[in-house]
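Engineer: Keeping their order, the protein sequence lines are chains P and G. For the first sequence, the numbering used here assigns the number 1 to the initial residue and increments by one for each residue that follows. For the second sequence, the numbering used here assigns the number 113 to the initial residue and increments by one for each residue that follows.
Worth flagging that the hints you see were computed from the coordinates, not collected in a lab. The structure presented is a predicted model; accordingly, all values stated were derived computationally and were not measured. Cβ coordinates follow ideal geometry from the N, Cα and C atoms, glycine included. One should not assume that every hint holds.
As the list claims (entries may be wrong) - Mimicking BS3-like on lysine-lysine, the simulated pairs with C-alpha atoms at most 25 Å apart in a straight line are:
id, chain 1, residue 1, chain 2, residue 2
1, P, Lys70, G, Lys153
2, G, Lys150, P, Lys99
3, G, Lys152, G, Lys165
4, G, Lys165, G, Lys153
5, G, Lys148, G, Lys130
6, G, Lys134, G, Lys165
7, P, Lys99, G, Lys130
8, G, Lys148, G, Lys121
9, P, Lys111, G, Lys153
10, G, Lys165, P, Lys99
11, G, Lys148, P, Lys99
12, G, Lys152, P, Lys99
13, G, Lys152, P, Lys111
14, G, Lys134, G, Lys121
15, G, Lys153, P, Lys99
To be verified - Simulated DEER-style distance windows between Cβ atoms:
id, chain 1, residue 1, chain 2, residue 2, range
16, P, Glu17, G, Ser132, 40 to 48 Å
17, G, Ala192, P, Ser20, 41 to 49 Å
18, P, Pro8, G, Gln207, 30 to 38 Å
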Amino acid sequence: GQQLNQSPQSMFIQEGEDVSMNCTSSSIFNTWLWYKQDPGEGPVLLIALYKAGELTSNGRLTAQFGITRKDSFLNISASIPSDVGIYFCAGQSNTNAGKSTFGDGTTLTVKP
Amino acid sequence: DTEVTQTPKHLVMGMTNKKSLKCEQHMGHRAMYWYKQKAKKPPELMFVYSYEKLSINESVPSRFSPECPNSSLLNLHLHALQPEDSALYLCASSQAAGGIETQYFGPGTRLLVL
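All chains should be built: construct the whole structure from the sequences, respecting the hints.
Structural biologist: Structure, rendered in structure tokens:
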């Protein structure tokens, strides 16, 4: 089946620093989604990308849909303590309708 | 309203109990999903309902029984669970399940099986 490699697995950064994480796949996706999950809560959608090359921002977050359709990155600028959590990428393809393939997550820790 | 709600938030049950998890959305979405999530792992798809019909069952054991009474509600009936079934159970919904659809998740039910 389709698999996503998400990296890094974890990050420990200082408040104010920028963060970058990415997901790569051996197969093509038609949609990339980025979620953030706080402990004990469900994933919250941050950014959805629908077109190869698309660059989308949501406040301090920026995500891009790779040109090859096999990768995506998420950047967080000027991190703050409430950015702490697990960030998941998810990909969807037209050939696997109804199913999202999730990366293993990036755990972000921000030190004040 | 972009909210998916789930009840209960926490549930402790014995291996002989029968319990149900409930999920509700009022976004007019026609696809609803159940996921199971273990700690520090991504969500794993269990079931997909599209237009109130079960469209995907990811080979889930029969001790988990989904039900979609109407387009806004989704239940997961639990019976004779095992301790390894302890996890966060997430409900999600999307406009439809036939193509590329953004899924919105509920807060989850934290289940502990003793």
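Engineer: Hints first: check each against the structure and report whether it holds.
Structural biologist: Results of checking the hints against the structure:
1. Lys70/P with Lys153/G: 22 Å, holds
2. Lys150/G with Lys99/P: Given that 25 Å is the threshold and the Cα spacing comes to 18 Å, the pair holds.
3. Lys152/G with Lys165/G: 31 Å, violated
4. Lys165/G with Lys153/G: 28 Å, violated
5. Lys148/G with Lys130/G: Between lysine 148/G and lysine 130/G the Cα gap is close to 18 Å, so the pair holds against 25 Å.
6. Lys134/G with Lys165/G: 17 Å, holds
7. Lys99/P with Lys130/G: 28 Å, violated
8. Lys148/G with Lys121/G: 14 Å, holds
9. Lys111/P with Lys153/G: 23 Å, holds
10. Lys165/G with Lys99/P: Since the Cα atoms of lysine 165/G and lysine 99/P sit roughly 16 Å apart, the hinted pair holds (cutoff 25 Å).
11. Lys148/G with Lys99/P: Measuring from Cα to Cα gives roughly 14 Å; hence the hint holds.
12. Lys152/G with Lys99/P: Since the Cα atoms of lysine 152/G and lysine 99/P sit roughly 20 Å apart, the hinted pair holds (cutoff 25 Å).
13. Lys152/G with Lys111/P: OK: lysine 152/G and lysine 111/P at ~20 Å, within 25 Å.
14. Lys134/G with Lys121/G: 10 Å, holds
15. Lys153/G with Lys99/P: Roughly 17 Å between the alpha carbons, so the hint for lysine 153/G and lysine 99/P holds.
16. Glu17/P with Ser132/G: 40 to 48 Å: 45 Å, holds
17. Ala192/G with Ser20/P: 41 to 49 Å: 46 Å, holds
18. Pro8/P with Gln207/G: 30 to 38 Å: 33 Å, holds
In this structure, the hints that do not hold are numbers 3, 4, 7, in rising order.
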